[in-house]
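Starting from the known structure of chain A, arrange chain B on it as the hints suggest.
2 protein chains.
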Amino acid sequence: MMSNELKERLNLNTKAVEDLITELIQVKDDTGLLDVTKYSLLSGGKRIRPFIVLEAYRLFSDSENVTVALPFACALEMIHTYSLIHDDLPCMDNDDYRRGRLTSHKVFGEDKALLAGDTLLTYAFEVASNSKDLSANSSLSCIQALAKFAGYSGMAGGQMIDLDSEKNIKSLDQLLKMHSLKTSALIICALQLGYLCSVEAPNQKILSDLEKVGYNIGVAFQIVDDILDKTSNSTVLGKLAGSDEKNGKKTTLSYLSLKDAKDLVISLTNEAISIIKQYCKSDNCVLIDLFNYLIDREK
Amino acid sequence: MMSNELKERLNLNTKAVEDLITELIQVKDDTGLLDVTKYSLLSGGKRIRPFIVLEAYRLFSDSENVTVALPFACALEMIHTYSLIHDDLPCMDNDDYRRGRLTSHKVFGEDKALLAGDTLLTYAFEVASNSKDLSANSSLSCIQALAKFAGYSGMAGGQMIDLDSEKNIKSLDQLLKMHSLKTSALIICALQLGYLCSVEAPNQKILSDLEKVGYNIGVAFQIVDDILDKTSNSTVLGKLAGSDEKNGKKTTLSYLSLKDAKDLVISLTNEAISIIKQYCKSDNCVLIDLFNYLIDREK
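These protein sequence lines map, in sequence, to chains A and B. Sequential numbering of the first sequence, starting at 1, is according to my numbering. Sequential numbering of the second sequence, starting at 300, is according to my numbering.
Any given hint could be a false lead.
Said to hold, decoys possible - Straight-line C-alpha distance at most 16 Å; calculated EDC-like pairs for lysine to aspartate or glutamate:
#	chain 1	residue 1	chain 2	residue 2
1	A	LYS167	B	ASP329
2	B	LYS476	A	ASP29
3	A	LYS177	B	ASP329
4	A	LYS299	A	ASP225
5	B	LYS466	A	ASP30
6	B	LYS476	A	ASP30
7	A	LYS106	A	ASP87
For the record, the hints were derived by calculation from the structure and aren't laboratory data.
Chain A with its partners taken away, still in its complex shape (with noise of 0.2 Å):
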């Protein structure tokens, strides 16, 4: 269950996020092609990845006032929405629905979906490089950190790899290496992103801390998943449930039990608990309310 805290913060961010979000895709485009990008951009997503940016930026800065932090947080959740419109294109998952709404290329068409996500991608750039509140050095670290844990060495590396699975994945190890580049990454960009906002010359031995609670967290994710497809319904889901099987495609439960997929949730989730409360402020951590919510989500 969500604590209340956890709620409130998470309503919170979400408002900031999405505000600033709209207001960025609401300058003059005679194109229409914002227009396009708005449609998966406001969806009702659960802004997970941005929450994360914002809280990890609290974590490490004096400051409660997350506007230096908050571009990055929407830029983080452009680069997100771009995977998902492009993972739904006919060439890829081929998916109809998403979040109980018909996907980008069901509405505007393959080709403008497919520039959507093109534009959407450029246009997190844009906004990380325009940040006002932040020096210059600590903007390009963020730069890199996008750049990096979205392309080849992180998210897309993993569609890849995904994209040949029945090749690549003959092991448990092969697929939590997969649920890494594809999910985890992004999770790592989060908390990374939050920190290097904080501070003018980051500590590595934070930023491999923190890539060690991103990894944990977004494999955790992922079985979570796993472990819904087969266990929920799909009206609880807001997607088809059990598709995995169907598809034939190689999950965590192709490997464990139910009963061992689910005490590897938490053993990864503790681990990252462990690591991440040597940087909470008090017994009252918000992102850790948010690594057990995330155990325990219904969808």
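Just chain B now, kept in the frame of chain A:
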């Protein structure tokens, strides 16, 4: 005809750009994604955009050593290449051949070609943000330029107009507006990148002069393409001649006679040359040679 000096400088710059690109995509990558990008990146393009970056740098810098500008030249070529891969996809222009070779999706499949395009766009920003030889401020200015001219208000915006061209293009002005976004945007970007790499505090008058030059050269380039599509043959072009007319596409020649179109190319180019001339160090200016060559090219 191409002058010997231009030919020599084109070869020199192309080698420098291809050497760095080769180095950049030969980093460790277990996913095979960079190998897919390599097919398109090293396919013998004319390298006009990186050439302009390097020569604009030489124009404004005291140094003849282009090392500082080289990563940005490569980043821009990566963005150009991603746009070609995505434009060739079946849901866009559906082209099987480019530069006389099979297009990326014909060789690797649509899914991997899509992902390779995404990866190149992302990698461009990784390369630009990792430049070691430039101040953080100048690097940020370059990244801003790359994102702005590649995004909704630049190349991607032009592509969007093109997708609905039957609705959007009803006059020569609207056609030229599309060309300026689709083609001029990256030429302006190339000129400004070269300049931005050469100064700490960029001068707005110079930036706006370069915008005018890039606008003219990009539009002239597209008009020449329209002319060649009508007057040349497939063997010379390395792609299907006459395809615009066959596809019922509006081109400059839908609104102008062949003579008027050629005159427009000349007046646009001459105006660009008269502006760039102010900044040339001697009468021998290889950028001017390039602009003149772009009018006379046969493909």
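Now the hints, each set against the structure:
The suggested pairing of LYS167 of chain A with ASP329 of chain B holds, with an alpha-carbon distance near 13 Å, which does not exceed 16 Å. Taking the CA atoms of LYS476 of chain B and ASP29 of chain A, the gap is about 13 Å. The hint holds against a cut of 16 Å. Distance hint between LYS177 of chain A and ASP329 of chain B is fulfilled; the C-alpha atoms sit about 11 Å from each other, no more than 16 Å. Distance hint between LYS299 of chain A and ASP225 of chain A is fulfilled; the C-alpha atoms sit about 8 Å from each other, no more than 16 Å.
A hinted pair counts as satisfied when its Cα atoms are at most 16 Å apart, and LYS466 of chain B with ASP30 of chain A qualifies at roughly 13 Å. Note on LYS476 of chain B and ASP30 of chain A: the hinted pairing holds, with a Cα-Cα distance of about 11 Å set against a maximum of 16 Å. With a CA separation close to 13 Å, the supplied pair LYS106 of chain A and ASP87 of chain A stays within the 16 Å bound.
Going down the numbered hints, you'll see the structure goes against none, and every one checks out.
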